[in-house]
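Visitor: My numbering puts the sequence shown at residues 1073 to 1318.
Treat the hints as calculated values from the structure; they're not laboratory data.
Keep in mind that this is a model prediction, so the values were computed, not measured.
One or more hints might be untrue.
[Stated by the list, open to error] Pairs of lysine to any residue, SDA-like flavour, derived with a Cα cap of 25 Å:
| hint | residue 1 | residue 2 |
| --- | --- | --- |
| 1 | K1234 | E1297 |
| 2 | K1236 | G1185 |
| 3 | K1242 | T1216 |
| 4 | K1234 | E1268 |
| 5 | K1236 | C1296 |
| 6 | K1234 | P1209 |
| 7 | K1242 | V1190 |
| 8 | K1236 | D1212 |
| 9 | K1295 | P1209 |
| 10 | K1242 | S1220 |
| 11 | K1242 | T1186 |
| 12 | K1242 | L1300 |
| 13 | K1236 | V1166 |
| 14 | K1236 | S1179 |
| 15 | K1295 | G1203 |
| 16 | K1242 | P1209 |
| 17 | K1234 | D1187 |
| 18 | K1234 | V1175 |
| 19 | K1295 | A1197 |
| 20 | K1295 | I1228 |
| 21 | K1236 | S1182 |
| 22 | K1295 | G1165 |
| 23 | K1236 | S1220 |
| 24 | K1236 | A1210 |
| 25 | K1295 | S1220 |
| 26 | K1234 | A1210 |
| 27 | K1295 | S1202 |
| 28 | K1234 | T1189 |
| 29 | K1242 | N1298 |
| 30 | K1236 | G1173 |
| 31 | K1234 | T1216 |
| 32 | K1242 | T1218 |
| 33 | K1242 | E1297 |
| 34 | K1242 | G1185 |
| 35 | K1236 | D1277 |
| 36 | K1295 | S1273 |
[To be verified] Computed beta-carbon distance windows for the label pairs:
| hint | residue 1 | residue 2 | range |
| --- | --- | --- | --- |
| 37 | S1116 | A1232 | 30 to 36 Å |
| 38 | A1210 | T1189 | 28 to 34 Å |
| 39 | N1278 | A1110 | 31 to 37 Å |
| 40 | S1179 | A1232 | 17 to 23 Å |
Beta carbons: idealized from backbone N, C-alpha and C, even for Gly.
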Amino acid sequence: MATTYNQGIKLSHTGAQVDSALTSEEATQVATTAAMVAAAPPTSKIAVVPGSGLWAWVEGDETTPDNTYVLASTVSDYADAGRWKLVSATTDGVLDAQWFGVVADYSTTSGLGTDNTVALESAIAAASASGRELILPAGDILVTGTLSIPVLSAFIMRGAGKWKTKIYAKNVAGTALTAFLNLNGVYASTESARVELRDFSIWGDNDSDIVGIYISYGSHFVKCENVLVTGFYDGWRLADCWNMSF
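With these hints in hand, go ahead and build the complete structure from the sequences.
Guide: In structure tokens, the structure reads:
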């Protein structure tokens, strides 16, 4: 469905490429960001997603996330690859992990699902860099590697509830030393400050060498609320940190 784009809306932090994409007078309304990404490269360079905001397609942009834009997806299968960039959010201060390609489709029965390690790491990096809260979708989310919260960042990651948003950390084997370096869970790294983890759970493989959540090296002001960690040798490991709240 095409809708008239209001040229009178003032968009900050756009840049020449995005400004060029916004010269169109019509935007296509798309039901979800997943549907928007799946349609790339798009026939319309402007998309409105209810509950998300106004997005612009920028051809040839395959750079990493930064403080200015939220980058939704890289489409490497096309010669005119590009990315959708969020230029006007409906929910200010909040990012949705699904915008970055996170899919909660893991099956505990078959053991199959989308590996979300890279997508979720990108979402965490963008939320931390922009100072926005990261929202995780309800469902079962598969990861196969470390999720690292950037150093010295104010960061909030929130799910839909510890029984509704489940992160399954799978297929990482190793000793206690490799668990320390490659945690199969959420890793709050050196001097992370004012970090909040809320309303989700992390499920391990009952491996004897893996830690669920490790917080150390001067980390402080870390708040964990309604977070379940299960199936690990150590669910929580805290060292050299202060002002922790559980």
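Visitor: Each hint: holds or not?
Guide: Evaluated hints:
1. K1234 / E1297: 10 Å, holds
2. K1236 / G1185: 17 Å, holds
3. K1242 / T1216: Within the cut-off at roughly 5 Å; holds.
4. K1234 / E1268: 14 Å, holds
5. K1236 / C1296: At roughly 17 Å apart (the allowed maximum being 25 Å), C1296 and K1236 satisfy the hint.
6. K1234 / P1209: 11 Å, holds
7. K1242 / V1190: 14 Å, holds
8. K1236 / D1212: 8 Å, holds
9. K1295 / P1209: 20 Å, holds
10. K1242 / S1220: With Cα atoms ~16 Å apart, K1242 and S1220 stay inside 25 Å; holds.
11. K1242 / T1186: Since the Cα atoms of K1242 and T1186 sit roughly 12 Å apart, the hinted pair holds (cutoff 25 Å).
12. K1242 / L1300: At roughly 16 Å apart (the allowed maximum being 25 Å), L1300 and K1242 satisfy the hint.
13. K1236 / V1166: Given pair K1236, V1166 holds - Cα atoms ~19 Å apart, limit 25 Å.
14. K1236 / S1179: 14 Å, holds
15. K1295 / G1203: The hint holds at about 16 Å.
16. K1242 / P1209: 19 Å, holds
17. K1234 / D1187: 20 Å, holds
18. K1234 / V1175: 17 Å, holds
19. K1295 / A1197: 19 Å, holds
20. K1295 / I1228: Holds. K1295 to I1228 sits at ~9 Å (cutoff 25 Å).
21. K1236 / S1182: Cα-Cα ~19 Å, so holds.
22. K1295 / G1165: Holds, at about 19 Å.
23. K1236 / S1220: Cα-Cα ~22 Å, so holds.
24. K1236 / A1210: 5 Å, holds
25. K1295 / S1220: 16 Å, holds
26. K1234 / A1210: Since the Cα atoms of K1234 and A1210 sit roughly 9 Å apart, the hinted pair holds (cutoff 25 Å).
27. K1295 / S1202: Holds: K1295 and S1202 sit about 20 Å apart, inside 25 Å.
28. K1234 / T1189: This hinted pair holds, its Cα atoms lying about 19 Å apart.
29. K1242 / N1298: Roughly 22 Å between the alpha carbons, so the hint for K1242 and N1298 holds.
30. K1236 / G1173: Roughly 19 Å separates the two Cα atoms, so the pair holds.
31. K1234 / T1216: 20 Å, holds
32. K1242 / T1218: Between K1242 and T1218 the Cα gap is close to 11 Å, so the pair holds against 25 Å.
33. K1242 / E1297: Holds - the C-alpha atoms of E1297 and K1242 are around 23 Å apart, at most 25 Å.
34. K1242 / G1185: Distance ~11 Å between K1242 and G1185 Cα, so the pair holds.
35. K1236 / D1277: 19 Å, holds
36. K1295 / S1273: Distance ~15 Å between K1295 and S1273 Cα, so the pair holds.
37. S1116 / A1232: 30 to 36 Å: 31 Å, holds
38. A1210 / T1189: 28 to 34 Å: Cβ of A1210 to Cβ of T1189: about 19 Å, so the range 28 to 34 Å is violated.
39. N1278 / A1110: 31 to 37 Å: 36 Å, holds
40. S1179 / A1232: 17 to 23 Å: 18 Å, holds
Comparing the model with each earlier hint shows a violation of hint 38 alone; every other hint is respected.
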